[in-house]
Every structure is written in C-alpha cells, then in structure tokens.
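Colleague: Fit chain L to the supplied structure of chain A, relying on the hints for placement.
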Amino acid sequence: MSDDAQSPLFLPVIFVGGLVFGLGLAVSGMARPEVVLDFLQFEDFGLLFVMGGAAVVTGVTFAVATRYLDRAPLTATEYTRRVKEFDRNVVVGGAIFGVGWGISGICPGAAYASFGVGNYVILWAIAGMFVGAYAQGYARSRLASTTEGN
Amino acid sequence: MDALTPLLAADSLFPRGVLPYLVGGLLVGLGAAVIYLATGIIAGASTFLESTLSYVSRVERFNRFTYVQSRDWRVVFTLGIVAGAAVWGFALAPDPGIWTTDVQWWRLLGGGVLVGIGTRLGKGCTSGHGVCGVGSLSNTSLANVATFMTFAIGTAQLVQAVGVSP
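Protein chains in written order, with my numbering: chain A, 1 to 150; chain L, 1001 to 1166.
Just to be clear, a hint being listed does not mean it is correct.
[Unchecked claim] So these bits of chain A aren't anywhere near chain L, every CB distance computed over 10 Å:
#, residue
1, Pro8
2, Arg67
3, Thr146
4, Thr147
[Claimed, not checked] Listed next, with one range per pair, are the computed distances between beta-carbon atoms:
#, chain 1, residue 1, chain 2, residue 2, range
5, L, Gln1157, A, Asn89, 21 to 27 Å
6, A, Ala139, L, Phe1090, 36 to 42 Å
7, L, Ser1165, A, Phe86, 32 to 38 Å
8, L, Ala1161, A, Arg142, 36 to 42 Å
9, A, Leu48, L, Gln1160, 16 to 22 Å
10, A, Thr66, L, Glu1060, 29 to 35 Å
Calculated directly from the structure, the hints in this document are not laboratory data.
Beta carbons are placed, not taken as given, at the ideal position from N, Cα and C, and that holds for glycine.
Chain L extracted, bound-state conformation:
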C-alpha cells in the first residue's frame, strides 16, 4: 500500500521537481543541435569508446575508416562533456564542489562492461538512439530505446528487490 499511495500525488512523481530535468534535457538537445547545425554531424557519446580504442588497439574493427577519421573530434566532444559538467558542478550548481557516488564499485564496473558491449552491439546509447535517433523518428532507435528501457527498469527493480543498495 505504501508503495502505491505516492503514485497518486504529482509531488511524489517528481520529488526533485521538474525544472532541472527539463532545463537539463533542453541543454543536452541544444548541445547536439549546435554540433549538427555547424557540421552536419549527429553526435552520440558511445562511439567514442570504439574510436578511441583505435589509438591503442590493432583490432581491425576499431581501425575502420569511420572511427579513425572521427576519433580526434570525438575526444574533443568528450572533453567538452567533462568540461561542461565541471562548469555546473564546481561553479553554477547551488552546492558547488566535488561530488562522488555511493553506488558500489562492482555495480559500476559490471554495469559498465555490459553497457560497453550493449551500446556497441546495439549501434548506439542513450544519446545516439535515445536523443538523436528518437529526434529522427527512427524506428530502429525507437525499438532500441523501448528494449533498453524495459530491461533497465526490470534490472533495477530486481536489484532493489534483492536488497542491493546503494
């Protein structure tokens, strides 16, 4: 019963409010739009993983032309993401300062490995499929997003149910 009651109140649907989410989302879209309008490039965050591996690995797949020719700007894009988040975290945020997660290291590592496999196999991630693909009304991206949302929610609920926290 306790679990159901909060769903009835809008407050509990959004305990942190809606504004930061909406403003943040619009900025994410704006960042992608700036790059797209200037260069025609549809930016996703996960190709960086494969293209960056081409610097250090001789595995054929990472050294495909599309990765090698884009790897430099993908590093710059990623550094931009890090810098932009730092601007918020250390200057503009209401409580500026270093922030670290309480989520346990093995969850981050194990989840990260699966994210790395899945995003490359599935041709995109939350930004590539979720933002740019959905913005393109691509059926492939909509199918990918529906799949990863379903499995993510199921997994997170399961993790919570077996009592792993944080």
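So here's chain A without its partners, still in its complex pose:
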C-alpha cells in the first residue's frame, strides 16, 4: 500500500473512523470491564444494544455499498462483505476468546478504548493480548515449518 500513490486523506480518515469507533466504545461502557462482566453475569443486558446497534449500522452500510456503489474513493478498492472461511479454528478460537473475555471482561477494541479513558491498569490486559497473539503466531509458524520439513 505504501508503494502506491496513496490518497493524502487515507490515514486521516482511518484516524477519524477510529475516533468515532473509540468514542462509541467509551459511551457504551464497553471500555469498562465491569460493565461487560455485568452483562455476562446477566445483571445488565445493555450490551445487546451495543453489538446489535453497531451490526445494524455496518449491515446497512455493507448492503448499500456492495449493491449500489462502485469503488471506495480513497483506495479504489471494490466494496465487499466480511466473509471468512469456516474451519475448526473458528470455533476453537472463539471458545478460547470467550473464556478470556469471561475472565477479564476485555476484548481488543474495548481494551484500547479503556486505555483512552485513563485506565492504565488495562495495560495488563493489553500486554496479555500481545503475549497471546505472539504465542499463537509463534506456534503456528513452528507448526507450519515442521510440516513442510517432513
């Protein structure tokens, strides 16, 4: 991407999008692990409206763009939906993610937002996520190279 003549608006727009995204996470309370844990312990069902509200907005946006719009103005990328291939990892990964989310009340986007509201304690969770992502990537790289070696 850096090789192409990139629109000067590309990074500013990404930043503004992230800003609105993070604002939403803070407004909704997802930046507070306590609120997420209250939801998972059936004490406050508000989080249904966060994911529901967000998915409705992206759903309408994706539907309109893929049907009626041509290409994204800043990158000339064709509009597509987010469809990833299904395999066993999707379920195993989801289960591990779920256990982690249930223990900590924290997921990636919400953790960054939590840091934004001054929650320096959340660095424990962010550090943990990097360790987990590194362990996962390291293990899979090793696995791939031993399979090829044989």
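Modeller: What follows is chain L alone, placed relative to chain A:
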C-alpha cells in the same frame, strides 16, 4: 428467588438504561462505516496485535504481506480508538476524569492472554466477527460469536460462582 425476581422487571434488565448502550453501539458502527465507505477496508480491532508484532518480530507469520502492508494504518486506527475514548472520558462524559478498573490484574493478564490466542486463532474478535461479520451475515462470524458468547457467559458465571470479585 432473589436472583429470579429482577428478571421480571425491565428496569432490572437495564439498570443503567438503554440509551448509552444504543448510542455507543451506533457510534461503533458509524466509525466502521466511515472507514469502509472511504477505503473499502473492513476494520477489526484485533489484527492490530499481529500486524504490530511484525515491527519487532521476525516470526514468519507476523511478516505476511497482509500484515506488513496494513500495519501502519492499523496503528493509526488504534490511536484513533484511544483518542476517541479519551474525548469521551475527559471531556464529554457526565463525570469527566481518569477512570480505572477494579478488576484484578491477574484476571486482566490471564484473560488477555486467552483473548490474544483466541481472537487470532478464530480469525476475529468482537468488532471483526461481532460487528462487521454479523453485519455481513457471515455464517463463519455467526458461529464464532455464538461460540464466544456461550463460553464467555459460562466462564463469567463460574468466576462469580467461585466468589472472585471484582
């Protein structure tokens, strides 16, 4: 009995009200929509972990083309998330000021490690699968969300049952 009675009243289903949740959710969707409409990029928050590791690690997996070519904007996206939350926390919130969690550090660290493994193995997180994937009506994402919701609720209930709080 005490645990069941509140479920009957709508008030107790939403002790903090519904509006902040709904407005927050719409803003999360709007942020993703702005990026998508301008760039065609479907943003998730967890790929940042792997793509950022490519700056410092030589492990092959982190240095795949998709991560290296997207790592710069993913850092900008994450800084945007931090900044947006800060705008709320320190300026717009009804009670502006620094906020920190009471959840214990070992829960954050241990849960974080599992979240890091699970989100990368499972190809996405609450924003990638939960918001963008569900918005795409992707069966893969719906399966992932159903799985992580089930395990998260089970785990949180278990943690509560053994008396760990906060």
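Colleague: Between the beta carbons of Ala1161 (chain L) and Arg142 (chain A), is the distance compatible with 36 to 42 Å?
Modeller: With Cβ atoms ~37 Å apart, the hint holds.
Colleague: Is 16 to 22 Å respected by the C-beta to C-beta distance linking Leu48 (chain A) and Gln1160 (chain L)?
Modeller: Since the Cβ atoms of Leu48 (chain A) and Gln1160 (chain L) sit about 19 Å apart, the hinted range of 16 to 22 Å holds.
Colleague: Are Thr66 (chain A) and Glu1060 (chain L) spaced within 29 to 35 Å by their CB atoms?
Modeller: Holds - the Cβ-Cβ distance for Thr66 (chain A) and Glu1060 (chain L), about 33 Å, lies within 29 to 35 Å.
Colleague: Is the Cβ of Arg67 (chain A) farther than 10 Å from every Cβ of chain L?
Modeller: Check passes; 13 Å lies beyond 10 Å.
Colleague: Taking the minimum C-beta separation from Thr147 (chain A) to chain L, is that value above 10 Å?
Modeller: Its Cβ never comes within 10 Å of chain L, the nearest being 13 Å, so this holds.
Colleague: So is Pro8 (chain A) really clear of chain L, every C-beta pair being over 10 Å apart?
Modeller: holds (13 Å)
Colleague: Evaluate the given range 21 to 27 Å for the C-beta pair formed by Gln1157 (chain L) and Asn89 (chain A).
Modeller: holds (26 Å)
Colleague: Please check whether the beta-carbon of Thr146 (chain A) is more than 10 Å away from every beta-carbon in chain L.
Modeller: Since the minimum Cβ distance to chain L is about 13 Å, Thr146 (chain A) lies beyond 10 Å and the statement holds.
Colleague: Please check whether Ala139 (chain A) and Phe1090 (chain L) have a Cβ separation lying inside 36 to 42 Å.
Modeller: holds (40 Å)
Colleague: For Ser1165 (chain L) and Phe86 (chain A), compare the CB-CB distance with the range 32 to 38 Å and indicate the outcome.
Modeller: holds (37 Å)
Figure legend: structure checked against the earlier numbered hints; every hint is met.
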